[in-house]
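Going down the list, the sequences are from chains A and B.
Quick note on numbering: the numbering used here labels position 136 of the first sequence as 136, and the sequence is numbered without any gaps.
Quick note on numbering: the numbering used here labels position 81 of the second sequence as 81, and the sequence is numbered without any gaps.
Be aware that one or more of the hints could be misleading.
Stated by the list, open to error - When the alpha-carbon atoms are kept at most 20 Å apart in a straight line, the in silico SDA-like pairs for lysine to any residue are as follows:
no.	chain 1	residue 1	chain 2	residue 2
1	B	131	A	212
2	B	288	A	212
3	B	244	B	104
Unchecked claim - Residues from chain B that face chain A, not an exhaustive set, calculated with beta carbons under 7 Å:
no.	residue
4	60
5	70
6	90
7	92
8	174
9	185
10	206
11	215
12	219
13	229
14	241
15	243
16	262
What the hints assert, rightly or not - So the derived label-pair ranges between C-beta atoms look like this:
no.	chain 1	residue 1	chain 2	residue 2	range
17	A	293	B	223	28 to 34 Å
18	A	275	B	251	55 to 61 Å
19	B	156	A	257	52 to 58 Å
20	B	254	A	296	21 to 27 Å
21	A	70	B	205	43 to 49 Å
22	B	297	A	222	32 to 38 Å
23	A	294	B	128	32 to 38 Å
24	A	280	B	268	58 to 64 Å
25	B	276	A	297	45 to 51 Å
26	B	81	A	257	24 to 30 Å
27	B	254	A	81	28 to 34 Å
28	B	205	A	14	32 to 38 Å
Derived from the structure by calculation, the hints contain no laboratory data.
Glycine residues also receive a C-beta, built at the ideal position from the N, C-alpha and C atoms.
Protein chains: 2
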Amino acid sequence: MHAALPSVGVIGLGAMGLGIAKTLRSNGFLVHVCDVRAEAAAAFASEGGVACATPAALAAACTVVVSVVVNAAQNEAVLYGADGVAGAAQPGSTYVMCSTVDPNWSIAQETRLNAMGLHYVDAPISGGAAKAASGQMTMMTSAKPQAYAAADAVLNAMAGKVYRLGDQAGAGSKVKIINQLLAGVHIAVAAEAMALGLREGVDAAALYEVITHSAGNSWMFENRMAHVLAADYTPLSAVDIFVKDLGLVLDTARASKFPLPLAATAHQMFMQASTAGYGREDDSAVIKIFPGITLPSAQEATP
Amino acid sequence: MHAALPSVGVIGLGAMGLGIAKTLRSNGFLVHVCDVRAEAAAAFASEGGVACATPAALAAACTVVVSVVVNAAQNEAVLYGADGVAGAAQPGSTYVMCSTVDPNWSIAQETRLNAMGLHYVDAPISGGAAKAASGQMTMMTSAKPQAYAAADAVLNAMAGKVYRLGDQAGAGSKVKIINQLLAGVHIAVAAEAMALGLREGVDAAALYEVITHSAGNSWMFENRMAHVLAADYTPLSAVDIFVKDLGLVLDTARASKFPLPLAATAHQMFMQASTAGYGREDDSAVIKIFPGITLPSAQEATP
């Protein structure tokens, strides 16, 4: 542990949070952790670090608290619930909010926490569990200068790339949900295009080869249609994540009455997939909403 | 001119056809050309090659005829109209059809020309005018083995990459329109995402920087949103091209009653842009359908 490093805590040890906690530990921080599953915190601490029973106990010991929970509601419970961070944090501490949320909600938390003498960093993350654990994930952040000053050492140690997008909360979450808008529509249209190819009798592997070398390519087409070709719907990111995230996008735009025709259509497709029973499968399973096609099978994929 | 090379003709000297004719000439072919603008053919021939007054005159002199006209209707005029190719072609000649068309139409032409003793290659092209002129464009082809045998030397000389996708007409055009489905939706959703960012007060250049380094990226977002940031709507490919191409995609799917929710939505967006007066602008001008935002201006782009 480096004497000049701030004391840091990570709340939420899911795939991303656990990776972040490990990255911070390997960068020399004494990392406090807390999770609703006490055994997850204990397992982390057994290799170094401190398991805390509640967010309040963690906040009492740390000047920078990194929240990697699922959504706004869980953040509210962590902050303001019984044994929450806000009531126990040391004055001048900083809350780093890494969840994908409605930007207007994030803006409101900055105001609320500032009024309590606490700093706030709007800091959604991107890149997946493997990059979180290797310190290579991306953060889309915005915060007041004092908040950055307090949290910079932690932010720089957490991620390979920290985008600084503005001097108050909001811009980080806005860019994050715009990325999710694109990602969600790209997955849904990749499925639509592959489904049309199957309907028309085009060889799926040949179609994948041509598209990934043409102007019709996207990061998501290349990544997710490989899952379809392999008939592997193990959830790296699930259909229900895009039911949630495209919902956040639409909520945000609705607040200013702004039309999003493609995001709205893709959201309907993910909801159709979820209700049809594929909510916990990989998001590429949105292709299963298309009738009248035969998807590649696992038998074909593993000769 | 190499003695073993087939005599080749190019019909349609637009941006793509002229580039193809030049590429074939620089690869040693004696290239016959024909265009409804006689001066375009004469200008090409003044630097080498033979200008022909009609498709029939060209077909009488060439065993491989490459058609680079705009659509199926122009191909029908070139083939079956007065002074058309079909009535004048030497037996065993090959028609290489490079337009983006309804695959079912392309399949029908193979049948019709085969019955007249002519070969047919379904051969849509991709990559833009610069790549056509440098021999680096991509071709998405399918044809019967005899047609490939007759045209291979020409195909290989025309393009940097020739995908061979099946042993009869149809697969080439199917893969091409699926690429256009993806390209069109990606342009429209790039515009939708950038418009939301502008509506929400996000810095457009920062948004572009983050997205092009994130999982929300697509080939089209990266290429076309650079036009929006520069406020440069000079048409490299026009809004009306996607009114046409997404229309072909929807026509093809409708023939087998197959739903394409995102392609249908994007098609409506391009039609809205066209009717609003932006049909001949760059396809990125689809962003102009979004109300309540201020797009980057040319003044900002050139300080």
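What are the numbers of the hints the structure violates, in ascending order?
2, 4, 5, 6, 7, 13, 14, 15, 18, 21, 24, 26, 27
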